[in-house]
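Novice: For reference, the chains in residue letters:
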Amino acid sequence: MSGEQLELDSFETAPPAEDERLTVDVGSWEGPLDLLLMLARSQKVDLREISILALVDQYLAYINDARALKLEIAADYLVMAAWLAYLKSGLLLPKDPEIEPSPEELALRLQLRLERLNAMRDAGARLMARDRLGRDVFMRGAPEGLRVVRKALWDANLFELIQAYGHVKARAEPPLHIVHQRNVLTLEEAIDRVSRLVGSLVEWTVIQRFLPESDDPQFRKSALASSFLATLELARQGKIALKQDDAFAPLYVRAA
Amino acid sequence: MTEDMTPDLDPTADASRAVEATLFAAAEPLSVQDVAAYVGEDIDIKGALKLLQELYATRGIELVERGGKWHFQTAGDLAHILRREREENRKLSRAAIETLAIIAYHEPVSRAEIEAIRGVQISKGTLDVLMEAGWVRPAGRRETPGRPLTFATTPAFLAHFGLASRRDLPGIDDLRAAGLLDPVDLAFESMDFEARAEIDGDRDDPDLENDEDEA
Amino acid sequence: MTEDMTPDLDPTADASRAVEATLFAAAEPLSVQDVAAYVGEDIDIKGALKLLQELYATRGIELVERGGKWHFQTAGDLAHILRREREENRKLSRAAIETLAIIAYHEPVSRAEIEAIRGVQISKGTLDVLMEAGWVRPAGRRETPGRPLTFATTPAFLAHFGLASRRDLPGIDDLRAAGLLDPVDLAFESMDFEARAEIDGDRDDPDLENDEDEA
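Protein chains in written order, with this note's numbering: chain A, 1 to 256; chain B, 1001 to 1215; chain C, 2001 to 2215.
It is worth saying that the hints were derived from the structure and are not from the lab.
Certain hints may be false.
[What the hints assert, rightly or not] Straight line, CA to CA, 27 Å or less: simulated DSS-like cross-link-like pairs of lysine-lysine:
(1) A:169 - B:1091
(2) C:2046 - C:2069
(3) B:1050 - A:151
(4) B:1046 - B:1069
(5) C:2069 - C:2050
(6) C:2050 - C:2091
(7) A:169 - B:1050
(8) B:1091 - B:1124
(9) A:95 - A:70
(10) C:2069 - A:151
(11) B:1091 - B:1069
(12) A:221 - A:239
(13) A:95 - A:151
(14) A:151 - B:1124
(15) A:88 - A:70
Given the structure is predicted, the values throughout are model-derived calculations rather than measurements.
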């Protein structure tokens, strides 16, 4: 892998070339690791042989330059700078077995991270450089297309068949509406009855006298209501006269 | 970037490869001039087209000229494999199974009679589905005014439903005994059923299924 | 209907013609099963594909396999006459390219794992762009705390970048052998192990790590 590192400019959107370092445009890097990788690659050695100390120095110099130019530096670059300064001092000072993890381990981990990012950066560049479908190579421009004709295998069983017939027959039988005969005296019957009984009666007679005999209270109510309406109708026709002394007082009837 | 991969081919072959790829990738038939716009003027395009035509003569693809424009197409004798049939199990719609039941119990029966018994119109698709399934066949015209076409079931119908003959269909009395003819309950139940069926998108509308069929 | 038109061809040629026509007519890459649905189950499709691949090896069109699906495409060395630059207008950002590479070489991989490799958070649009291109898909959740969603590449990714399978990813074997597809922690531990092994006089065996990878 390391022997065939692709040049940075093979990226579709190349990061700034190395000699643009003087511009110190930290913002064009995708984070501190990205910047570190660029600096590491500028050492022109296999990343496995990289001098972490030299890399740390370059990074810190870079950030210092940016600060000198009063450029906005994102916090994560400064955090990385602080961490690298700490790492550098750890690497330079005599070994202290009390410190865990050791600066050497931290440096090795940083190197491993850079190797992994570098590997993926190269892999991405190699992917993009391939003959790509729709750009370099093409599928047929006007395929006739394949057709799928769906043929249904209809499914139904005997029970569904006879059940369906049952439903049809049930639906087709004319529904029988049976309304219970209610015991009532219709208006027609009441008019007929009242006019017959009143006849040529000249005495004022209370309306209850004209009601048919019944034990059914429902029927008695109905008969009273119908007979009352009948007297109103007969009075309107001028055949009978009505008299009531007061509201809710007995209603008297006689021939007109 | 990989131009050097085919160094041994003679210029004719190279020209034919370029013309071949251009016609293959084109979205529409191309004239010789059109092709030249891609492969360059200094290539013998007509020679390349002739070569390709011979090359593909026995293949499943052929190079054809139509009105001065060239394109590849699949060989005519293979057209039949480019469409395939896929069989899928489909449930009969409620309308279809009721219609089938009516035909089975009353055959031969005209469409108007089926509608009279169902109390609902049947769409054309319903009978089509049943005929496509191979369960129903036209059974001649009735010699009444309008000479309506009648329908009857087929031997395939009997075979599918496991019946030796139509006499094996349960009679009305059997249906009643099985509770399949209870008027009030069933009326409600079936209304309920239809409502649910509608919600399920399995509508009492065979045309719907036909549309799916076409797709 | 016209099967009798090609009576002289041997069955292999016939099979290859049918497979050829099917793939040629198809608007999309087809698997062997897809092809079988058209040409029939009794045809040696794999044999026909091999034959066709040889037949087209020197042509301007080639038959390729991408993620188990087959299609014809123009030969790569003819890109210069066919290249369509307008497709290139929407260049991928560096973040998108790196993210795509990480997904392809590590799949299935979670967002956090991608971020760990890149050392930065993935901005919102990056994964969207890759999914919109049809190259990346969600690939289920990892059964670890937080059940992170993972991502993987699609068959369209393989087709676009001309890869028969993920094994064809450039340099993937070398990367794996070098442990560069292992997380830093794992690599660190194995280096530690190697250091100890070295002391024991028993040097590294990269295959050991490969096995872990596959698991």
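Novice: All hints are to be evaluated individually against the structure, with a verdict given for each.
Specialist: For each hint, the structure was consulted:
The straight-line distance between the Cα atoms of residue 169 (chain A) and residue 1091 (chain B) is roughly 22 Å, inside the 27 Å bound, and the hint therefore holds. About 12 Å separates the Cα atoms of residue 2046 (chain C) and residue 2069 (chain C), which keeps this hinted pair within 27 Å; it holds. Pair hint residue 1050 (chain B) plus residue 151 (chain A) does not hold up; C-alpha atoms about 42 Å apart against a cutoff of 27 Å. Proposed proximity of residue 1046 (chain B) and residue 1069 (chain B) is supported: the alpha carbons are some 12 Å apart, at most 27 Å.
Restraint check for residue 2069 (chain C) and residue 2050 (chain C): the C-alpha separation of about 14 Å stays at or below 27 Å, so the hint holds. This hinted pair does not check out: residue 2050 (chain C) and residue 2091 (chain C) have alpha carbons roughly 36 Å apart, beyond 27 Å. Pair hint residue 169 (chain A) plus residue 1050 (chain B) does not hold up; C-alpha atoms about 73 Å apart against a cutoff of 27 Å. Between residue 1091 (chain B) and residue 1124 (chain B) the alpha-carbon distance is near 18 Å, which keeps this suggested pair within the 27 Å criterion.
Under the criterion of a C-alpha separation no larger than 27 Å, the hint pairing residue 95 (chain A) with residue 70 (chain A) is inconsistent with the structure, at around 37 Å. With a C-alpha separation of about 26 Å, the suggested pairing of residue 2069 (chain C) with residue 151 (chain A) holds against the 27 Å cut-off. Between residue 1091 (chain B) and residue 1069 (chain B) the CA atoms are separated by roughly 49 Å; this puts the pair beyond 27 Å, and the hint is violated. For a cut-off of 27 Å, the pair hint linking residue 221 (chain A) to residue 239 (chain A) stands: about 24 Å separates their Cα positions.
This hinted pair does not check out: residue 95 (chain A) and residue 151 (chain A) have alpha carbons roughly 80 Å apart, beyond 27 Å. Straight-line distance between C-alpha atoms of residue 151 (chain A) and residue 1124 (chain B) comes to about 19 Å, which keeps the hinted pair within the 27 Å bound. Of the supplied pair hints, the one linking residue 88 (chain A) and residue 70 (chain A) holds, its CA atoms being roughly 25 Å apart against a limit of 27 Å.
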